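Start from chain A and add chain B according to the hints.
From first to last, the protein sequence lines stand for chains A and B. Residue numbering for the first sequence follows the numbering used here, starting at 1 and increasing by one per position. Residue numbering for the second sequence follows the numbering used here, starting at 108 and increasing by one per position.
By construction, these hints were calculated from the structure, which means they are not laboratory data. Hints may contain errors.
[What the hints assert, rightly or not] Below are the DSS-like pairs computed for lysine-lysine, each with C-alpha atoms no more than 27 Å apart in a straight line:
#, chain 1, residue 1, chain 2, residue 2
1, A, Lys49, B, Lys179
2, B, Lys322, A, Lys46
3, B, Lys402, B, Lys290
4, A, Lys46, B, Lys514
5, A, Lys49, A, Lys95
6, B, Lys498, A, Lys46
7, B, Lys179, A, Lys104
8, B, Lys498, B, Lys145
9, A, Lys49, B, Lys209
10, B, Lys322, A, Lys97
11, A, Lys104, A, Lys27
12, B, Lys465, A, Lys49
13, B, Lys268, B, Lys402
14, B, Lys322, A, Lys49
15, A, Lys99, B, Lys268
16, B, Lys322, A, Lys104
17, B, Lys514, A, Lys49
18, A, Lys46, A, Lys97
19, A, Lys27, B, Lys514
20, B, Lys465, A, Lys46
[Unchecked claim] Across the chosen pairs, the derived CB separations fall in these ranges:
#, chain 1, residue 1, chain 2, residue 2, range
21, B, Ser441, A, Cys9, 33 to 39 Å
22, B, Ser260, A, Lys104, 50 to 56 Å
23, B, Ser260, A, Glu37, 41 to 47 Å
24, A, Thr74, B, Leu446, 23 to 29 Å
25, B, Arg420, A, His25, 26 to 32 Å
26, B, Ile273, A, Glu37, 50 to 56 Å
27, A, Asp35, B, His169, 30 to 36 Å
28, A, Ser33, B, Phe363, 31 to 37 Å
29, B, Leu246, A, Leu26, 36 to 42 Å
30, A, Pro89, B, Pro279, 46 to 52 Å
31, B, Thr238, A, Gln84, 36 to 42 Å
32, A, Pro82, B, Leu446, 40 to 46 Å
33, B, Arg280, A, Cys9, 28 to 34 Å
34, A, Pro82, B, Arg447, 38 to 44 Å
For clarity, every value in this text was computed on a predicted model and none was experimentally measured. Think of the CB as a built atom: it goes at the ideal place given N, C-alpha and C, for glycine as much as any other residue.
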Amino acid sequence: MLILECPCCGVMADETELSPGGEAHLKRFGPGSTDQEFEAYMFARKNPKGVHFERWRHAYGCGKWFLAARCTATLEVFGTYPAQVGAPPQDLQDKIKAKRPEWKGFQ
Amino acid sequence: MTAQPRPSKRYSVFALAKEALSWHMGWEKAWASPAPKKEYDVIIVGAGGHGLATAYYLGKNHGITNVAVIEKGWLGGGNTGRNTTIIRSNYLQDPSAAIYEKARSLYENLSQDLNYNVMFSPRGLLMLGQTHHEVRGYLRTVHANTLQGVETSWISPQKVKELVPIINIDGPRYPILGALYQKRGGTARHDAVAWGYARACSAMGMDIIQQCEVKGVTSAGGVVTGIETTKGYIGAKKVGFVVAGHSGQLAEMAGFRLPIEAVALQALVSEPIKPCMDVVVMANTVHGYMSQSDKGEMVIGGGTDGFNNYTQRGSFHHIEETLRALIETFPMISRLKMLRQWGGIVDMTGDRSPLISKTPLGNCFINCGWGTGGFKAIPGSGWAMADLMAKGEPGPLAAEFDMWRFKEGRFIDESVAAGVAH
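Here chain A stands alone, though its shape is the one from the complex (with noise of 0.2 Å):
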């Protein structure tokens, strides 16, 4: 079962407390977009065999979104951290590195 800590509250939740909220650090594209950048943003997904950067709702506590970085490969969690960037923080890219040399890169 996952446990992933809620950034917003500091508890430890498991998979049963939080609801999958898919890829995160999504662009958004809207009125006066391409037909190419619109469909990109509404259905492609990155969909990675590896380190993987995603939103999570505290659904049954808090309440509050965050974002994870996970391994879809083996299921360890990377760590969590607050909705509110464009890009996960430095230091967590520089941890996943060091666990996953061979990992490409946040993109």
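The following block gives chain B in isolation, referenced to the frame of chain A:
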């Protein structure tokens, strides 16, 4: 490369009698395991049901037999060996009904066609209506199916009880209000489907190469030229990716992205018990489905996890949710012990319908996105994919399932139609 003997004997009661007289020492291997040749007309990546069916219909319908089927693990070891073997075609949208009904009708004669017993059992399938909303949805599906030429009907709670004596139709939370009934839906032996296709492909002279992982895709001038594998480079005029959960990895090697996310879906079986249910029952409101295997095990499936996952194992609480729901509907299973649980990686698209499509790379084709319902589609999927690969353009079955439908907004929206993963 040493030439390996290919299957040549027909399976029949006479063959069985003849072999019995010689202590069953004369049976040959069901398929050859040759080393890869330098080049093929067609390479199919993925020796699961869909990949093998594609190869089979390339040979049978289009006369293309210089084909290799490449498999990272072992034949039929992915989702083909990990599903709940349900076969049905009661879909709402026309393109889905067409391809799933094609598949279901091919299953009817598949054992004779392949000369391999796939144990297709059209025992009947019920989708329970347990809310008024669901009842309205299924009535709409019955009308749609009538127009599509798919035989389904709406049956009363009393008829449900007659067909499934172990069911509790009175609730407490979700009483049975009726069911969408497909009389010719049912189950088949999942491994036998892969094995039967593999044997037939091998007999046609195709090479099935197991434990051979694709490491890269080569191209020249925007057209695919071959694949790099753990058994060396293999050239190909055409390549088809039919790898379900790992489609994204292959697409990345070929230089394009897919509207797909990989998640885990679980199933489990109980200890074997005496025959108690001879139909397939799906309860989509509470999200569980169940049938009884020939061995007597209750075969149970539920929902997918909500997060990306490649581990072929799922979250424990999903098992609990599924069983909690099914115990309400089938009180007698409450004291059954569960024997085995397993997970498969399913490839979910944005509209929960598959891709059978050309790709941005020339002569490279993809068949994926079957999500949680791939097994039932195997023969139809292979038929449509073979058509696409042989002609280079999709036929009527595959036409709507191209990957550009997401850009153009032509969804085949079965997620809304079913209201559930399926």
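Going down the list of hints, with the structure as the test:
1. A:Lys49 x B:Lys179: Given pair A:Lys49, B:Lys179 holds - Cα atoms ~16 Å apart, limit 27 Å.
2. B:Lys322 x A:Lys46: 19 Å, holds
3. B:Lys402 x B:Lys290: Distance ~22 Å between B:Lys402 and B:Lys290 Cα, so the pair holds.
4. A:Lys46 x B:Lys514: OK: A:Lys46 and B:Lys514 at ~17 Å, within 27 Å.
5. A:Lys49 x A:Lys95: 18 Å, holds
6. B:Lys498 x A:Lys46: 31 Å, violated
7. B:Lys179 x A:Lys104: 24 Å, holds
8. B:Lys498 x B:Lys145: Satisfied, since the Cα-Cα distance of roughly 23 Å is no more than 27 Å.
9. A:Lys49 x B:Lys209: 34 Å, violated
10. B:Lys322 x A:Lys97: Measuring from Cα to Cα gives roughly 23 Å; hence the hint holds.
11. A:Lys104 x A:Lys27: This hinted pair holds, its Cα atoms lying about 20 Å apart.
12. B:Lys465 x A:Lys49: 24 Å, holds
13. B:Lys268 x B:Lys402: 23 Å, holds
14. B:Lys322 x A:Lys49: Status holds; Cα separation ~14 Å.
15. A:Lys99 x B:Lys268: The given pair, whose Cα atoms are some 57 Å apart, is violated under the 27 Å limit.
16. B:Lys322 x A:Lys104: Satisfied, since the Cα-Cα distance of roughly 17 Å is no more than 27 Å.
17. B:Lys514 x A:Lys49: 25 Å, holds
18. A:Lys46 x A:Lys97: Cα-Cα ~18 Å, so holds.
19. A:Lys27 x B:Lys514: 17 Å, holds
20. B:Lys465 x A:Lys46: 20 Å, holds
21. B:Ser441 x A:Cys9: 33 to 39 Å: 37 Å, holds
22. B:Ser260 x A:Lys104: 50 to 56 Å: With Cβ atoms ~54 Å apart, the hint holds.
23. B:Ser260 x A:Glu37: 41 to 47 Å: Holds, at about 46 Å.
24. A:Thr74 x B:Leu446: 23 to 29 Å: Holds, since A:Thr74 and B:Leu446 (Cβ atoms, about 27 Å apart) stay within the stated range.
25. B:Arg420 x A:His25: 26 to 32 Å: Holds - the Cβ-Cβ distance for B:Arg420 and A:His25, about 27 Å, lies within 26 to 32 Å.
26. B:Ile273 x A:Glu37: 50 to 56 Å: 53 Å, holds
27. A:Asp35 x B:His169: 30 to 36 Å: For A:Asp35 and B:His169 the Cβ distance comes to about 34 Å; the hint holds.
28. A:Ser33 x B:Phe363: 31 to 37 Å: 20 Å, violated
29. B:Leu246 x A:Leu26: 36 to 42 Å: 38 Å, holds
30. A:Pro89 x B:Pro279: 46 to 52 Å: Check passed, 49 Å falls within 46 to 52 Å.
31. B:Thr238 x A:Gln84: 36 to 42 Å: At roughly 39 Å between Cβ atoms, A:Gln84 and B:Thr238 fall inside 36 to 42 Å, so the hint holds.
32. A:Pro82 x B:Leu446: 40 to 46 Å: 44 Å, holds
33. B:Arg280 x A:Cys9: 28 to 34 Å: 32 Å, holds
34. A:Pro82 x B:Arg447: 38 to 44 Å: About 41 Å separates the Cβ atoms of A:Pro82 and B:Arg447, which means 38 to 44 Å holds.
The earlier numbered hints that this structure contradicts are 6, 9, 15, 28.
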